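Spelled out, the chains give:
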Amino acid sequence: MLILRCPYCGVDAEETDLAPGGEAHLTRHGPGSDDAEFRDYLFQRRNPRGVHFERWRHAFGCGKWFHAARCTQTLEVFGTYSAQCSEPPEEIMTAIRTRRPDWEMPA
Amino acid sequence: MSEAVTALAGATYEGAVTVADGGLTGMVQLRADLADAAVATAVKAATGADLPDRRRISAAKEQRLLWMSPDELLILTDHGAAPDLVKRLSTELTGQHALVLDLSDARSRIRLSGQGVREVLAKGAPVDLAPGRFEPGEVRRTRIGQIAAAFWLLSETEAEVICFRSVAPFLFDWLSTAARPGSLPGHFR
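Residue numbers (our numbering), protein chains in the order written: chain A, 47 to 153; chain B, 2 to 190.
No lab work stands behind these hints, which were simulated from the structure alone. If you're wondering where the values come from, they're calculated on a predicted model, not measured in any experiment. The beta carbon of each residue, even a glycine, is placed where N, CA and C say it ideally should be. Possibly wrong hints are sitting among the right ones.
What the hints assert, rightly or not - Covered stretches of chain A, as calculated for chain B (at least 3 residues, CB under 8 Å):
1. 98-108
2. 111-119
Stated by the list, open to error - The list that follows gives simulated cross-link-like pairs (lysine-lysine, DSBU-like), each with its CA atoms no further than 35 Å apart:
3. Lys110(A) to Lys62(B)
4. Lys88(B) to Lys45(B)
5. Lys124(B) to Lys110(A)
6. Lys88(B) to Lys110(A)
7. Lys45(B) to Lys110(A)
Claimed, not checked - Just some of the chain B residues that point at chain A, by a computed CB distance under 10 Å:
8. Tyr14
9. Lys62
10. Arg65
11. Pro71
12. Ala123
13. Pro127
14. Val128
15. Leu130
16. Pro132
17. Pro137
18. Arg141
19. Arg142
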């Protein structure tokens with residue numbers, strides 16, 4: 047069972063309290079982008095075994111979207127953080143590097 | 002004017018815990034940035050109560066202010082007092098980015114009373130309800146069974162639950178089943 051701490055209301059919310067929102071930190075390609083970029087933005091998603099950044103919504107609780115960094119292989123959660131950012135904050139990166147020294151942020 | 006009625010029409014179930022219709026309740030929703038000092042001032046002026054801290058309840062006279070999210074407050078009051086409260090809040094919040102709505106009949110309130118209210122709630126909600134982990138004065142929005150609900154403890158033997166009116170009979174039946182005599186494991190005693 048996945049348990050994530052909602053950064054807005056501070057509760058340790060269980061998976062059934064949450065709604066998954068897929069991969070985080072996507073770069074939006076809209077009008078003006080070429081077809082390949084738009085296709086990748088719409089459909090291409092990472093499916094890593096290991097560290098992953100995701101969006102979640104505290105659907106049954108405060109209703110807010112937030113980000114989570116976790117390991118898809120062990121279900122270890124490195125941390126959750128605000129939705130109002132386009133890349134993981136430094137403390138989350140530090141937490142991941144502490145636990146996974148060999149891990150590198152994918153390009 | 003039509004006569005206001007609750008969705009549960011005063012239903013009561015006497016089991017290991019008593020489940021009862023909470024009756025008509027005035028509910029006013031405020032959407033505004035609760036971290037904004039001007040909002041706190043306006044709420045204080047309109048209700049007499051301070052803004053509750055995160056996940057907590059504050060009170061003044063017959064009004065209770067429930068923290069629902071960083072930008073949402075639910076104010077419980079007498080059913081007849083809600084329209085006036087909406088007017089007072091709207092006046093105080095003039096010029097602010099805020100929304101005030103009378104939602105009195107959108108939600109239903111159910112009262113639980115008796116030894117073991119913690120256990121009845123714990124059967125349906127993914128919340129740590131152990132004493133010390135969830136205490137009176139705290140409010141939790143979560144699910145019970147499969148539906149959205151919020152609950153709080155008034156004391157060790159009394160709790161209140163709110164849910165959307167359309168699912169109130171379902172939640173009443175669900176809690177009644179959870180409160181069947183002899184069905185409480187006694188985990189928190």
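Cross-check of the supplied hints:
1. 98-108: n = 3 at 8 Å, threshold three: holds.
2. 111-119: n = 0 at 8 Å, threshold three: violated.
3. Lys110(A) to Lys62(B): holds, 31 Å
4. Lys88(B) to Lys45(B): Judged against 35 Å, a Cα distance of about 14 Å means the pair holds.
5. Lys124(B) to Lys110(A): With a Cα-Cα distance of about 25 Å, the restraint between lysine 124(B) and lysine 110(A) holds, given a limit of 35 Å.
6. Lys88(B) to Lys110(A): Status holds; Cα separation ~28 Å.
7. Lys45(B) to Lys110(A): holds, 26 Å
8. Tyr14: Interface hint status for tyrosine 14(B): violated (24 Å vs cutoff 10 Å).
9. Lys62: Nearest chain A Cβ about 27 Å off; hint violated.
10. Arg65: Violated, about 18 Å.
11. Pro71: Holds: closest Cβ of chain A sits about 5 Å from proline 71(B), inside 10 Å.
12. Ala123: violated, 13 Å
13. Pro127: Holds - the Cβ of proline 127(B) comes within 10 Å of chain A, reaching about 4 Å at its closest.
14. Val128: holds, 8 Å
15. Leu130: Hint on leucine 130(B): violated, closest Cβ of chain A at ~13 Å, above 10 Å.
16. Pro132: violated, 17 Å
17. Pro137: violated, 17 Å
18. Arg141: holds, 7 Å
19. Arg142: holds, 5 Å
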